[in-house]
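**Q** Each chain is listed here by its residues.
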Amino acid sequence: MQRSVARPVERVTERVTESVVERTANRTEDHVLNRVAPGLFATALTVARKDIVIELRSRSVILSALSFTVLGITIFFFAWDPTAVASVDLAPGVLWVIFTFSGLLGLHRSFGVEQQTRAIDALLAAPVDREGIYLGKMLANLIFVLLIQVVALPAVALLYNVPTGAYIASLAGIMLLASLGLVSVGTLFSAMAVNTRLAELLLPLLALPFFVPVILPAAQATGRLMSGRAISEVAAYIQLLAAFDIVFLIVCTLAYPYTLED
Amino acid sequence: MRLDPGDCLALFGPNGAGKTTLLRLLGGLIRATSGTASIGGVTLPGEAEVRGRVGLISHQTMLYDALTPRENVEFAARMYGVRDVRGEAERALERLGASGYADRVVRSLSRGMQQRVSVARAVVHGPSVLLADEPFTGLDAAGASALTSMLAELRDAGAAIVIVTHNLDEALALCTQAAIMRQGRLVRHDAAPVPSRGEYTALYRELSVDAA
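The listed protein sequences correspond, in order, to chains A and B.
Start counting the first sequence at 1; every next residue gets the next number (this note's numbering).
Start counting the second sequence at 1; every next residue gets the next number (this note's numbering).
Bound-form chain A, shown alone (with noise of 0.2 Å):
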């Protein structure tokens, strides 16, 4: 009988992990042969596919950020004095407001759904590249955000007397250019906050100063445009927004995996 008993106390990660599993590498290659690890895109669009499925199905996100979405429109309308202010310079404001805090909530849900059960692990333990994990998860808050707005802008149109039809295309870019602006630091934020006891208090104090630099532009483009002014009168806004995504989305996809870190 081979054994050693009452070794030395000695620490474990000096000793137990020396060389805990060896010589499996050739033994796995059957299995490696059936396997081919999933790319970057794959990955994102295979999360992404997930949390939308999730959130279908439970609707508990989508029911109560459309909730606050209606209400906060409809509670705006009512505090308004149409005599003191005019729609064209209130709706842009509602708008951002509401697109702002209710998407806050999709985000605070994004990396919670992973806690209950620690499925984080599971997820963290395949053999992904972990900024893909970022881009599913930021894809699929942005779904869930444009969903939104797809629901408000209506509703504020409706509400405030704000015809959109004839710059609907200018808008809808914009919105999906400060979306993707508000996800993607959102997105980052949300993987760092939701280990912490106060998640929903600490998520909006670090992400809302990041969104102003995109909240700014994109209300001051959608005012413009509810004004009746031109297209051209806004392209700065929009090379704004679109510069703003491309640091952003680069900078918090490379930064994700290092809020993993344990």
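Just to be clear, a hint being listed does not mean it is correct.
[What the hints assert, rightly or not] Pairwise CB distance ranges, derived in the manner of DEER restraints: (1) Arg91(B) / Arg49(A): 19 to 27 Å; (2) Gly41(B) / Gln116(A): 33 to 41 Å; (3) Arg104(B) / Ser64(A): 20 to 28 Å; (4) Ile75(A) / Arg86(B): 45 to 53 Å.
Just so you know, the hints here were simulated from the structure itself, not pulled from any lab data.
For every residue, glycine included, the Cβ atom is placed at its ideal position computed from N, Cα and C.
Given chain A, put chain B in place with the hints provided.
**A** Okay, now just chain B, sitting in the frame of chain A:
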């Protein structure tokens, strides 16, 4: 410590001994503060490819409760790049006796049923290293028996297995090595043949009382 293909290590120890931490380290989820761990000669946490060889079972199910068992296992298969996603998912569920409720939402299943699905999720990609943290949690006798058979099958097929458990009977019957940890340290390690259950029970109880 070293495990070769076909080896199975039963790791015991009182609560807080560091068993789960060790498995998380081997699973590439955390970094060692000192020392090294390696799989197939690759130092952990290593690149993504190394993680693909490992299957992870936790005392938490790591399942999405709004999805069905089939969707959970298929999602894992996709993340591991399994070619025949549906076929392998079906086989894994069947192996654990979970195919009968594969299309019910996970949240409607009992803890034992969820644990079977969790094991199916962990083995769907055919891991060559299986790290099982309290794998018998919530399982009834039939479930425990199915899991034991599957672990023995994996071991015989050449997988290296580490089982963290308080269930000495099942683990000692299955494993070729046994070890006890306490307060982050390895205090005993036995290679095959592992000691008798009685001997280990007495030692384990003694260590657990000391730790308390």
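**Q** Run every hint past the structure and note whether it holds.
**A** Status of the hints after comparison with the structure:
{"no.": "1", "hint": "Arg91(B) / Arg49(A): 19 to 27 Å", "result": "holds, 22 Å"}
{"no.": "2", "hint": "Gly41(B) / Gln116(A): 33 to 41 Å", "result": "holds, 36 Å"}
{"no.": "3", "hint": "Arg104(B) / Ser64(A): 20 to 28 Å", "result": "holds, 26 Å"}
{"no.": "4", "hint": "Ile75(A) / Arg86(B): 45 to 53 Å", "result": "holds, 48 Å"}
When each numbered hint is compared with the structure, no violation occurs for any of them.
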